[in-house]
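Colleague: Single-letter residue listing:
4 protein chains.
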Amino acid sequence: MKALVYHGPGSKAWEEFPDPVLLADTDAIVRVETTTICGTDLHILKGDVPTMADGRVIGHEAVGTVTEVGTGVKNVKVGDRVLVSCVTACGACRFCRDGSFGQCLGGGGWILGNEIDGTQAELVRVPFADNSTYPVPPGVSDEELLMLADILPTAYEVGVLNGRVRPGDVVVVVGAGPIGLSAITSAQLFSPSLVIAVDLTASRLEAAKQFGADVVINNGQQDAVAAVRELTGGLGADVAIEAVGVPATFELAVDLVRPGGHVANIGVHGTAATLHLERIWDRNLTITTGLVDTYSTPTLLKLLVGRQVDAAKFVTHHFGFDEFEKAYDTFSRAGDTGALKVVISRTVAE
Amino acid sequence: MKALVYHGPGSKAWEEFPDPVLLADTDAIVRVETTTICGTDLHILKGDVPTMADGRVIGHEAVGTVTEVGTGVKNVKVGDRVLVSCVTACGACRFCRDGSFGQCLGGGGWILGNEIDGTQAELVRVPFADNSTYPVPPGVSDEELLMLADILPTAYEVGVLNGRVRPGDVVVVVGAGPIGLSAITSAQLFSPSLVIAVDLTASRLEAAKQFGADVVINNGQQDAVAAVRELTGGLGADVAIEAVGVPATFELAVDLVRPGGHVANIGVHGTAATLHLERIWDRNLTITTGLVDTYSTPTLLKLLVGRQVDAAKFVTHHFGFDEFEKAYDTFSRAGDTGALKVVISRTVAE
Amino acid sequence: MKALVYHGPGSKAWEEFPDPVLLADTDAIVRVETTTICGTDLHILKGDVPTMADGRVIGHEAVGTVTEVGTGVKNVKVGDRVLVSCVTACGACRFCRDGSFGQCLGGGGWILGNEIDGTQAELVRVPFADNSTYPVPPGVSDEELLMLADILPTAYEVGVLNGRVRPGDVVVVVGAGPIGLSAITSAQLFSPSLVIAVDLTASRLEAAKQFGADVVINNGQQDAVAAVRELTGGLGADVAIEAVGVPATFELAVDLVRPGGHVANIGVHGTAATLHLERIWDRNLTITTGLVDTYSTPTLLKLLVGRQVDAAKFVTHHFGFDEFEKAYDTFSRAGDTGALKVVISRTVAE
Amino acid sequence: MKALVYHGPGSKAWEEFPDPVLLADTDAIVRVETTTICGTDLHILKGDVPTMADGRVIGHEAVGTVTEVGTGVKNVKVGDRVLVSCVTACGACRFCRDGSFGQCLGGGGWILGNEIDGTQAELVRVPFADNSTYPVPPGVSDEELLMLADILPTAYEVGVLNGRVRPGDVVVVVGAGPIGLSAITSAQLFSPSLVIAVDLTASRLEAAKQFGADVVINNGQQDAVAAVRELTGGLGADVAIEAVGVPATFELAVDLVRPGGHVANIGVHGTAATLHLERIWDRNLTITTGLVDTYSTPTLLKLLVGRQVDAAKFVTHHFGFDEFEKAYDTFSRAGDTGALKVVISRTVAE
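Protein chains in written order, with the working numbering: chain E, 1049 to 1398; chain H, 1049 to 1398; chain V, 1049 to 1398; chain P, 1049 to 1398.
If you are wondering where the hints come from, they were derived from the structure by calculation, not from laboratory data.
Please note: incorrect hints may appear among the correct ones.
One copy or two, either will do: identical chains are not told apart, so a pair holds if it fits within one copy or between any two.
[Claimed, not checked] Here are the computed lysine-lysine pairs in the DSBU-like style, where the Cα-Cα straight-line distance is at most 30 Å: (1) Lys1122 <-> Lys1361; (2) Lys1257 <-> Lys1050; (3) Lys1050 <-> Lys1060; (4) Lys1374 <-> Lys1125; (5) Lys1350 <-> Lys1361; (6) Lys1350 <-> Lys1374; (7) Lys1094 <-> Lys1060; (8) Lys1050 <-> Lys1350; (9) Lys1350 <-> Lys1257; (10) Lys1257 <-> Lys1060; (11) Lys1350 <-> Lys1125; (12) Lys1361 <-> Lys1094; (13) Lys1361 <-> Lys1257.
Input sequences plus hints: build the corresponding full structure.
Modeller: In structure tokens, the structure reads:
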């Protein structure tokens, strides 16, 4: 088969690669029909993810068709069309028993395109197939569904549910890239009274508006803390969701919330932040961090089918399997290209 | 009357002071029979609390007898013996309606001995008496009850409940001073499988054992993170409670918990800490801060009456009203004197 | 003034009545501008509410202007336009401290138009004004706001929040009268994947559709249990909300939910129901009952201002103060008149 | 091997039976060393459990040694000593993903000694061994551990956790048989201020006292509702746990709780009860039912190891494998014999 193989920082190639084979009786082999690129894949290519090895296939999101299953797989069979989730789960360790699949101690977690070969390939081996794939429901396109492989459950669980968004809340989302826009989208499931987006880039703030933000704040031009206080009677927001991953945005998120407020960090951080405990020790704040657990994937599937969530709007560009270089280029220059999610398919949509 | 009056950093005196009078119809005047000194009072004397003014009476904990009530007071009458809580509450603002009395926007919160004259006096005016005092239940001594004015609800709410301690949990309490010991005491209400105390001082760790810690770690001599991991199969504690208020102990608390764990900060911080988001962004942590709300005071009263909580053991020293200087000296040199809580009473217990 | 006075079962009159006066320093007098009739008022007129006395003014919902306040009222002043809530609250008893204002032990709860004179009058005395009135927010009409006096917080708290509706849920509302329609409206705040309405009357099911029900079931013509199972893969609904108040509808609600499901009773019941424990003991069900506590009123106000809730659609008929008889007639014959909520105003809207 | 085989209502025999064999690759075969009899087994013998077939082995609780495992079993290996739980779980269906293992749709749930051959045998096949067995921890005896196969997780999850027992609560347990005593034991993990036991039998009430009940009420001699009201200032208990399984005790439990209280049903019911909605519709009650899910088994194991739970006290009688008849006789005449749990072992403890 062909696959997108990582060859150390800055280097990758769409090249011949051995077909995957079943290694455990709970594995499935999936023929990938559609995949996408995640911000984390760019981190991998910078060499920021030490668990990723030279010579391994990139990618942790896919929709495809099952071509082979181990004898221990009960819920998926050859020919089934499935979503391959970024998180695989053993289903039996202490964390899986609690629904914390992302923290799986039994060999799962985020391993695709990281500790094992990933989904940017013609074929992929999916461990623990029963707990890591979801049948494609009727009436949903592959590319919509693909948004449930990582980006939407991540924003929903780690941003919206960890942040405990409630009807009537004022929610600030710091960062209006794909994850921030996913947070804006999924926060609306709880009917906040106001969704505020904060970013430094006008085009992203424009996207935020289109995704449902009621107010946008360019914090390069405006004091976001002052602006949010003014919108909230001086108290601050109920929930702030960090969707960037640098110290300044996390520190801003902490400053934005009211006494009793919640700060939900989604961003992938490479460096420490300053926590101003001298300002917040008596403010009854709750700060959360998290990797997606994908416990919400079945819920999001129902919402996708019921059209409560519009996932199609995330897809800005389409490519074929022979255009991975172009797809990465487009995605990595999102500021210029306006890319949110780029979809790479075996058969390109017209 | 006489009262302990603050006269700027480092200066205080037990001196004549005007008797308090009712200022609002929801006020009560209470004749103080027993009061105590809080760690926060030492901060005030260092000049660390800007809302405290020169010439104001110190103290926010007392047990006494109501001598006068405003026309709007319904639940307390002249002659009632009451606990005066550190937090007063208007009962009608958005935070009081949610039980967040410490964040009261209607003129309450922690104001006694801070924004208004306090309890280290022969008489004290208590605003919002209906929401700020509790009748002395039968069979409970004044000095036991006094531990419910601040220290026990603080440790229980901000440490144990915010930290969501559950049966079977491994709980680490960082800091074994009065607040840390209160956290150790109240954590046991939820039957953790292991309570671990961490401190730098041998005598405090000895006290921790007497208050119920199963394991004590002197982190001047031992790597607390390594020790806790060894006790928890390498994963870390379920809950870490910070009960000191300096960056190093907060940072230690964050390092001590397992994926999915809770860090509950109780300590009063004067400076920022470093939050290693690069290590914790994917660990599903929950970090909380808080001022006591005293929503748990009625519960703790029931537990005191039922002897599920032993509050008497916190009291190490007794003084008379004419011995405030000696009481402060004993309390501020706790390392030498072994003081936990010092009780200052109109009539000294034999 | 004039008021609608109850004169025993079946009898009432719009007649001269003494003006209310302040009885406690926490009282306010409100000049009623708009009021409405509740299903409970019809029960009162049938003689079903033993706490209601002959010679007392009916009504527990109003919007008006404060004309007088006691010295203990802090948050409302003469001239303020306010919503008068069906529940008044002392703010200091154990239930008020927990936000269970409807269970107030300090003289509040549902007392207006029940234990004291009510709101279907030119003037009304409102006890505990600080905890029982809400300022009229800008941009909201009186008659929209009036829906927050009882019907919307009741359906939201006792139906939707008690039923723990979550995004993606299948929610069945049994009964499509005003309360059932309020449940349909407020359930949508949590983005269920499917809202199903069950009723015996075609016109009410038509209304249910207009209020957002995705599916309607006439259980006079169709087996509702079978129909809901078919829509839910054989399992049953996640949440069933009972909004009628007779045994058959409660028993149906219990039969409609899946293992692990929630049954939230809103209906006012006059007789016992049968609980088939032999069928449900092992099904992990949660069944709740409740009187509105109005803890959600501030949230609903924000949602009304933000247009996440459309309250205007409940109002089907308008009357003047001199048309109370006609208003009651229209409301009590809802099957013929199509009445949902009838609004009776000092100045009738054109 | 030999096994206790059900032969229709009233009939059973300890007789030769074919050795179990692995049927799925996730199965294990366990050599039973200790087993016990459950109240449910008596129901089976009366013919009350239609899913139980003639010719099937009884029993759903055991401690033993793994003798064989399928190729899909990861966490248990031959020679491991394990607790066999009454609930087996596929680990991948919607209910297992939520921790509702008792409601498993993938072939698990309570099937041992019900839908498949059970544990009252020399050998037993355990499906989904990874999710259905727990390694024997050091320092715990087999017979203590056996109490975690069913009785303790049932009382803890379905009674105490569903009933949301909190520190300071007044908890009433209706029924002081083995399950009621388990509820009394596990309620104490949350430090209630008062545990009240209600039963008709003096010897059971005596046992309740020994298990930690603070107050006992013989409701054949005393009005339990009046007695509980007197102990609770007229309001009623915070939590009532039903541990009998007949209409009268369920109806009593509902009458015993305060406004806002919780009624947790554990009892296995064979007939419907009357729910007095006309009395409770406005009392904010929460009523729960449930089959054990065993999500708490790992927690209870930690509490057993840490000696927060004393399980040994449940065991009143010991028998050998050749004494099953005698064991059933002793257990079924508990009123005379004082039996709580009878343990039947391959090697009888001296």
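Colleague: Find the hints from earlier in the document that the structure breaks and name them by number, from lowest to highest.
Modeller: Of the numbered hints, 1, 2, 4, 6, 8 and 10 do not hold.
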